[in-house]
Amino acid sequence: MRCRERALAEGHVAAATLAGLPDLTPARLRALVDHFGGPVEALAAVRRGLGAAYLATRVRADHRDALARAAASWPGLADPARVAAQLAARGTTVWLDGEPGYPILDEVPGRPYVVLAEGRREARVLDAPRVAVVGTRAATPHGLADAHDLGAHLAASGITVVSGLAIGIDAAAHEGALEAGGPVVGVVATGLDVEYPRRHTTLYRRVRAAGLVLGETGFGVRPSPKRFPVRNRIIAALADVVVVVEATRRGGARITAEYGAQYGRPVFAVPGSRRNASAEGTNALLADGAEVLLDWSDVVVALGLTPAARRAAPARPAPSAPGRRVLDALAGEPASPELLASRTALPPEGVAMAVAELERGRWVRRDRGWVWPC
Amino acid sequence: MLGSVTSATLIGVDGHVVTVEVHIGGGLPGYSVVGLPDAAVRESRERVRAALANSGFAWPSQRVTVNLAPGGLRKTGAGFEVAVALGIALANEQLPAGVLDRVGVLGELGLDGSVRPVPGTLALVDVLARAGMASVVVPAANAAEAALVRGVRIRPATHLGSLRACLEGQDDWPDPPAPPAEPEPADDGVDLAEVRGLTWARRALETAAAGAHHLLLTGPPGAGKTMLARRLPTILPPLDHHEALEVTRIHSAAGHPPVHGLLRERPFRAPHHTASTAALVGGGSRRPGPGEVTLAHRGALFLDELGEFPPHALEAMRQPLEDRVVRISRQPFTITFPADFQLVACSNPCPCGLGPPRCTCSDLQRARYRRRLSAPLLDRFDLRLDVRPPEPDAPPGESSAVVRERVAAAVARQEARYANRPWRRNAHIPAGALGRMVPLDADAADAWRERIEERSLTGRGAARIRRVARTLADLDDSASVSATHVTLASMLREDVP
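Chains as they are written, first to last, in my numbering: chain C, 1 to 374; chain V, 1001 to 1497.
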């Protein structure tokens, strides 16, 4: 039995070491493990240069040079002793495909061979129903508010919110869930020791404290544009339902939604204005048959759960006559003060006072010089 | 045998009195100049010698020593040559002693003895007049400019020979030129009436003009930002006499002598974004010259496409914006240029140029863009707003003349209020004096506090809103600042770009 445990730990270290090598993609990692009969054997082969030779027979001819260049560094970089020390020091959990605790279902194609996770280990973060909330980094104030509210509502209903720790919708969803005291999972495309984007350092710390930060790459792997779309399949695979709050026409969030559909997960999208470039992707998803998300509890119902009791909507003071004129002029869309002045025929002072009153009453908010209805 | 003549030199844009002493004494014939001369001063020897010979003076057959005092001041240019030539004639006893007492002498020499113009005449004559000179000999070509200085007789000189005749009393001095006629107000057909709609942006421009506030306009291309900014000079109040003299002196020293007497209109400088840092803030290695910020002194500096300017040039603007002077330090001296200007800038709202609501830039991209524009620079704008193209049926607005009248009234209120203060406009009220100078009634104070909390403003941001509120009240001809003024001021300073 002791012998078996040691072998397991050795396998974990070997897999984590392989996952940290440059250009050793998840697909290549799995191919190596399958061919050589296990992670320990695969690592030994890589260190002797055999791994690269085997992979060279599998890749397309035009990728062979790039692979050879990257693989030349593998024997030198593969240092299981250092990785073992890091795993122990950071308290990182390693799950290999097929082991108990491995969080992704067997029927998901292309699932990672190895998953690394850090955070609240004793909490059963992954046992709760999980909903992915994703969207664009170029979010509007509306999108951010929606993601925040949705995150909070899901957390209050006992659902784990899964997202990508990116700027914009991802961060807003994480924060909403954290503020409601819920568990969260952040799926990253870099090594767990590389916090990206850097300004989310605090968010990383909060996610680790209340949930899990999880990824399939080894320590020290820097952000690379190719890794992010690949990471999105894990977000989709971990989720029972995928919700896209705002997405641009060509964005990572749409990729997550497509993976979700491929894995048979219900995909919801929050509709946006035709004029909102940050909602083009979500509207396109709706046109393609995604479910319209108008009421947050629809997601909870889709999971077969009972939604959390609603917090009563905050009472808003009735707007004054000029306030009403400004609200009518907004008609639910953002507008510049200039547009408001020309639509309401109020002088600048009048618009300023009306907008200040509406801000006080939480009817509108201001961002980048524009007035946005709440 | 000693001759002494009073002259002046330029340092930066200021004149400094220089005494030219000439000693002719024993020793081998020779010529030396002492007193920190630059190359142009040192090589004047050949010009002075030829000019004296061609004007009927004898060159002394002894040793000539020229001293430029005070010795610690660095002298530049060829403007001392007439003074040196007259000093040699005095020391050589070819001119009667005393003819140059209380007379300032300026001018460069040609080989034939002709007197050539010098840059910065206005500043030089001004400092000589202050130093108690009764008259100043100036090159005839600079006489009109010199005549702008009051309280000193101007003696135009064309040639060393005729100058000698006048000094000896054989000829009468030529009449000083009549002060040039004040020019007709320039009418280049630019007027605010051409700007349709844009009520907010027009209000911001008017406020900027009235309170000397820095203004930033963002918006997509074609929104009318540049069109609006270029009409700022049409509503600025004219320069008063003291300011006009100051501005004309700077421009004369920078090599743009006035053509039509004193400059009456406030300068409006619009350097292109390819301008170097030295061209913007001043500098240069041997003889530091004024930059655009100094040429815009008492007027406006317009930077179109702020994001295209090199970041280090924008960083260099921060110190002049704060201190309203530029200090250029070169071993072993420091030059101070005045730089009391109003900054008007235009920029794209974000890297994609569209701005809300069609913008697709991520938060990170916008943060990077702001960083390139320099956050501390953006913080120094009192007025910041997003400009959008006017709706096609928008009516034309008020003409510049109407707006200019309101601006002039608001400026007059400020001048009266700050009569005994070191500052003159609302934008320049020191933060420490705001509480006293811009009192807020209870409602206004509530509105101010609310705006600060709402926008989580820094102390600096809050102070800027208060200054703008004061200007809005002045434009309303209101003695007190109301909640409406504070609220509008806060909406005229948005978080853009």
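Hints should not be assumed to be uniformly reliable.
Distance ranges between label pairs, derived from CB positions [unchecked claim]: (1) Pro-1310/V with Asp-34/C: 40 to 48 angstroms; (2) Gly-1353/V with Pro-100/C: 18 to 26 angstroms; (3) Glu-1315/V with Arg-48/C: 31 to 39 angstroms; (4) Arg-316/C with Asp-1477/V: 32 to 40 angstroms; (5) Gly-1222/V with Ala-89/C: 53 to 61 angstroms; (6) Arg-90/C with Glu-1315/V: 36 to 44 angstroms; (7) Lys-226/C with Thr-1458/V: 53 to 61 angstroms; (8) Lys-226/C with Ala-1367/V: 19 to 27 angstroms; (9) His-1312/V with Phe-228/C: 58 to 66 angstroms; (10) Glu-1454/V with Gly-91/C: 41 to 49 angstroms; (11) Pro-100/C with Glu-1454/V: 37 to 45 angstroms; (12) Arg-316/C with Thr-1458/V: 28 to 36 angstroms.
Just so you know, these hints were derived from the structure itself, not from any lab.
The beta-carbon is built from N, C-alpha and C at its ideal position, and this holds for glycine as well.
The hints, checked one at a time:
| no. | hint | verdict |
| --- | --- | --- |
| 1 | Pro-1310/V with Asp-34/C: 40 to 48 angstroms | violated, 55 angstroms |
| 2 | Gly-1353/V with Pro-100/C: 18 to 26 angstroms | violated, 54 angstroms |
| 3 | Glu-1315/V with Arg-48/C: 31 to 39 angstroms | violated, 54 angstroms |
| 4 | Arg-316/C with Asp-1477/V: 32 to 40 angstroms | holds, 37 angstroms |
| 5 | Gly-1222/V with Ala-89/C: 53 to 61 angstroms | holds, 58 angstroms |
| 6 | Arg-90/C with Glu-1315/V: 36 to 44 angstroms | holds, 40 angstroms |
| 7 | Lys-226/C with Thr-1458/V: 53 to 61 angstroms | violated, 41 angstroms |
| 8 | Lys-226/C with Ala-1367/V: 19 to 27 angstroms | holds, 24 angstroms |
| 9 | His-1312/V with Phe-228/C: 58 to 66 angstroms | violated, 34 angstroms |
| 10 | Glu-1454/V with Gly-91/C: 41 to 49 angstroms | holds, 43 angstroms |
| 11 | Pro-100/C with Glu-1454/V: 37 to 45 angstroms | violated, 52 angstroms |
| 12 | Arg-316/C with Thr-1458/V: 28 to 36 angstroms | holds, 29 angstroms |
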